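Number of protein chains: 2
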Amino acid sequence: MLSFLDALKRAVVGQPFMTRRIPDKPMPKRLALPLLSANPLSSMAYAPDEIILTLAVAGLAALHVAPWVGVAVAVIMLLIILSYRESVKAYPSGGGDYEIAKTNIGPRAGIIVAAALMVDFVLTVAVSTSSAAHYIIAMFPALAGSQGIIAGCGVVILTLINLRGRGKNRTLASIPVILFVAALVVLIVVGSIRAATGTLERLASADFEVLPEAGFDSGLTGLLGVLVVLRAFSTGSAAMTGIEGPISNVHALKAPRARNARAILLMLGFTAAAISIGLMFLARAADIRVTEDPHQNLRLNGGPIPENYVQDPVLGQLAHAVFGLNSPLFYVLGVLTVLVLATAGHMAFRSFPNLASLLAHDGYLPRQLRRRGDRLGYSNGILALGLAALCLVVVFQAHLTSLIQLYVVGVFVSFTLSQLGMLRHWGRKARNTASKAARLRIARARILNLVGLIITATVLFVVLLTRLTLGAWLAIAAIAVLYLVMHSIHEHYEQVERELKIDDLQYSRALPSRVHALILVSSIRKPVLRAVASARASRPSRIEALVVDVDNVSTERTLQAWDKLDLPVPIRVLASPYRETTSPITDYIRSIRARYPRDLVVVYIPEYVVGHWWEQLVHNQTALRIKTRLHFEPGVVVASVPWQLQSSRELIAQYDDAAADSAESSVSAGSITPAPSAPSSKIPPKESHGS
Amino acid sequence: MLSFLDALKRAVVGQPFMTRRIPDKPMPKRLALPLLSANPLSSMAYAPDEIILTLAVAGLAALHVAPWVGVAVAVIMLLIILSYRESVKAYPSGGGDYEIAKTNIGPRAGIIVAAALMVDFVLTVAVSTSSAAHYIIAMFPALAGSQGIIAGCGVVILTLINLRGRGKNRTLASIPVILFVAALVVLIVVGSIRAATGTLERLASADFEVLPEAGFDSGLTGLLGVLVVLRAFSTGSAAMTGIEGPISNVHALKAPRARNARAILLMLGFTAAAISIGLMFLARAADIRVTEDPHQNLRLNGGPIPENYVQDPVLGQLAHAVFGLNSPLFYVLGVLTVLVLATAGHMAFRSFPNLASLLAHDGYLPRQLRRRGDRLGYSNGILALGLAALCLVVVFQAHLTSLIQLYVVGVFVSFTLSQLGMLRHWGRKARNTASKAARLRIARARILNLVGLIITATVLFVVLLTRLTLGAWLAIAAIAVLYLVMHSIHEHYEQVERELKIDDLQYSRALPSRVHALILVSSIRKPVLRAVASARASRPSRIEALVVDVDNVSTERTLQAWDKLDLPVPIRVLASPYRETTSPITDYIRSIRARYPRDLVVVYIPEYVVGHWWEQLVHNQTALRIKTRLHFEPGVVVASVPWQLQSSRELIAQYDDAAADSAESSVSAGSITPAPSAPSSKIPPKESHGS
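Going down the list, the protein sequences come from chains E and W.
The numbering used here runs 112 ahead of the 1-based position in the first sequence.
The numbering used here runs 112 ahead of the 1-based position in the second sequence.
Hints are not guaranteed to be accurate.
Since the list gives no way to pick out one identical chain from another, each pair is judged satisfied if it fits inside one copy or across any two copies.
Claimed, not checked - Capping the alpha-carbon separation at 25 Å, the derived lysine-lysine pairs in BS3-like fashion look like this: (1) Lys366 <-> Lys548; (2) Lys141 <-> Lys201; (3) Lys201 <-> Lys541; (4) Lys141 <-> Lys121; (5) Lys141 <-> Lys541; (6) Lys548 <-> Lys676; (7) Lys541 <-> Lys366; (8) Lys366 <-> Lys201; (9) Lys548 <-> Lys141; (10) Lys201 <-> Lys548; (11) Lys613 <-> Lys137; (12) Lys676 <-> Lys638; (13) Lys548 <-> Lys613; (14) Lys638 <-> Lys541.
These aren't lab readings, by the way, just hints derived from the structure by calculation.
Just so it is clear, the structure is predicted and the values come from calculations on it, not from any experiment.
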């Protein structure tokens, strides 16, 4: 069983890597730019759709507003990026928004930011895989209806890839992004020319009418109209997630890091802005309609639209319109989109575990999240992210329009707090700076961050205003829960730290005055003898065997057998009128501790070690119960004296074989002579002669 | 959490009972007869129905055979009882068929019998509760359709009652059985008079025609006809389950036990036989029809029967016919039937755990089944039976006609093997007996058991022949699986026994030559100091602290902190190129063991003890893994040095409070001074001065 699981893990994850392989090669700009752009660029796959379908509730006329919503998103993205370029200068360490908020506002703000980012990373994975599933179905309509399953598989595949760890193939991963940008540029350029010359392919959907929802009979007017436009903007702002990527990854860049990060931010911003504006205007020119439920909301000449109409995503419809219906370029663009969405999800699988390990390091999350797995990734964090994203995808059945309502909230919470933190940072810095030139630079940065703060706070307000009831409350709730969990964990660790801190060296070096060894006896067999031998070898001040009298007959038999052994160890019978094994023992131990409070009680428990789980079922249940209970008694050491049954030896032999088979670990995994890179014994071992 | 579960258990099960309350008062005949008759008598509730509906496939004419099938069942039951009366003489110990088969044929036959009986006990509970549900619905037609839920609740209630344990109210339990018999006698007597005078109420169903199934157009003729009659007989033989009850319960009877058991057997046999024959003839006189699906198989004047016709069980229809339609006596009889069925199920809850504990004692089932619960019942056996019966009831949706196909197989397997065992027993006895009178008595017993063997083997053959494909295969499969499980467990225990038997006293008294104490260190806090103190107190030959170098930075910090403590204990760094904690430690231990094979290695592991499960999640994961793995290393003692954090102390205080609250356990549960009935220390404790 064990060795089977181990073999399975090896097959899935691969051979373990040595720790010294940790430092990743720094990324040159040409790799970092595409990889870090994948997240914002991938939103081109779904943001146009969501903007248009949000506006479509107000009828056909409202669609004319769509390109301008795109422009607004792009402009605001650029402004935020300008502001972030200042943050990078001040925090080139890679701690990102979490570090900025923690340092400048306080630890609470820090964990709010962290919680918000973690929720959004989960959503990035869920949204990217769901959107990818949408594109796969657009290319292979036979798969229609299994969006949830496809997206779920996507999450599992991303999890496994990341458990296998460090891509040596970052170059490979960057290619689809570059090709995707190239394809979009071609699409926009060719599309613009054909639009200008009036030779765009006319799509079936261009003939459809859009039924406005109740209350929108006169289009986008009044307060309701404003609300719809704002909501379209807020969904479109999904394009802004991931622009903080370069800041959280400064440490992974080639030197000069900060300058490279700033350059990447700028290039990323302009590329994304240009492409999104281009796509939105092209979509308008091609007269594309997208609604939440086409058969419900669209009409053809007043009647229903054709039964077999399938609504492709905007990018797909554009490919049809620009390159001709069912051109192979449609499939090229589709595949590239799926790959870019996968890369975006993949990057979240890098960011989430890194952030989690940072939080674990600061004591806000369980320490297990700091543990690097066999392949040097933070495997527990990867598993946590995969599981959370899978839950979301399954619960929402990969329904993009619902998922998107939860999205972006977290990012903007973190943006806003981070900008606030930067303002404080510059304020403090200004007070401590004398040089005029420097103060001028600070003033400039301050203004940029202030603009950033105002914008991000406004967007956050808009997002909450327009979507709180549509699903954003769920994101807020998740952030709140995560915050509380991290807060409690921190409190707990702090509390433990206070309890466990060594404050008085003198006291702590004191030894217990005497040691009482107690040996738990049930039937007189070899394991008991081994326990007795172990206890006697520790030369206790007092030694005693204990038998709990659960059953007269067997107690009598035990006593007789004990007598025959003729050991220099007295046996004591503990009465147990209720046939209970644990409390007579704890009661006896307490009576000893009451008489000799400075003594130590060591309880020796003989145990059988078996090789199969079903053997475990028929042994040791009582021993386990007693051990668990004794852990709660102060001044008691619980010494398990295991007896390895034949079957256990077979198991461990198998296990050792499996370990020896590992190629890399043919160098004994954990040699006693320290590896060159590891520190060796600092203190020369010396024999200790008693106390 | 813990204390909440404990409180829940107390509420459900009640306060624990003292062991000295074990010996139950012996049962006088007037209680034993009704209680032990409950199982065979309860089958009057469903056996007539099953006989009639089995015959009904051959059409109306076939129903005339029904009374004679009843007579056959009654006669064979009496013959088996006569044979059993001989078995009781020879085995008055209460081991029942299991003991007889084991002693006279061999252990394998013994566990076949045991497996067969256990399967049938499960079926007794399932069939009784399902039939009771049927009667409850007959009385409250509004409940129609929820037979499964009612029966399931019945199983749960019986389980809880038996977990609460020993009825002090055996007298109370015997009353419904006596009343039930009285009611049936009245029913038969009054019914016979009214039948003779032609004043029986004419039931609606008497006008119905019975549609024969395909192939039975000419009634019960040919081989097929014989098969149907045999099948009716084999379903009717459900009435014979439980007649082995008096033999398995001899030990609980008042002296003279064997003679009382024999008397009970005889009275039980005649009562059951007389009543079943009476009921079957009365059912014929009242012209009662019962079919599996009345709306399908019955016709009224060639057309369908009324929509709202509900098919009552035979007993219910008889009550209507004899006492008048909807007479209150119908409800009296219904309630009594439900109570008797419940008593029958209840008796299975006594027998199954007793048998299981006997098997556990002989090493065929896990030892936990021998443990008496708080209320002195074998609670694990009770839970196992309840769970198994619940599964059956849920899977079969309490459908009686399906369940009955699985029934009786087990009983007749056990009857047959038991009779075979008795024949061998008498054979051996005859060879060792000289006195002529005694040999005559033996010869008489031998003949009776031979007749018993022939009959039970024949019935078993008939049961298998007629029902194997209808569901009996499932019972056979269950018996086979149980047999294999018990066989493997026995093999395992035997193997363990061989491995663990103390064969060389001299060797076993030898002490390890030296003790190596290793202290696992991760961060330098109070628990580590306590572990060091514990290790030093045991005055080992060699002491060493170990730190596994998973992470350079923290290792360095640990070494510095250790240095500052200035303890007389050297620290050793174990390299771990793959960031693995366990194997560097086991490798190091193996290197020590290789150099000093006769030495003992004691590994001290500091552990945190916390009060909440979620705190557990953030601590000790590594310690747990290492402990588990170290158990597999020979020559290693694992000493947990627990450090109780504040929260754990609160937990244990709560727990102690809860224990103190228990009324009965206000006498300290487990006082050190032995209770009067328990054996006290056999060997006066003497101080042991080292080795």
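Outcome of the hint check:
no.	hint	verdict
1	Lys366 <-> Lys548	neither (31 Å within a copy, 110 Å between copies)
2	Lys141 <-> Lys201	within (17 Å within a copy, 97 Å between copies)
3	Lys201 <-> Lys541	within (13 Å within a copy, 103 Å between copies)
4	Lys141 <-> Lys121	neither (35 Å within a copy, 65 Å between copies)
5	Lys141 <-> Lys541	neither (30 Å within a copy, 99 Å between copies)
6	Lys548 <-> Lys676	neither (95 Å within a copy, 48 Å between copies)
7	Lys541 <-> Lys366	neither (27 Å within a copy, 97 Å between copies)
8	Lys366 <-> Lys201	within (15 Å within a copy, 95 Å between copies)
9	Lys548 <-> Lys141	neither (33 Å within a copy, 111 Å between copies)
10	Lys201 <-> Lys548	within (18 Å within a copy, 115 Å between copies)
11	Lys613 <-> Lys137	neither (39 Å within a copy, 61 Å between copies)
12	Lys676 <-> Lys638	within (14 Å within a copy, 44 Å between copies)
13	Lys548 <-> Lys613	neither (47 Å within a copy, 90 Å between copies)
14	Lys638 <-> Lys541	neither (73 Å within a copy, 41 Å between copies)
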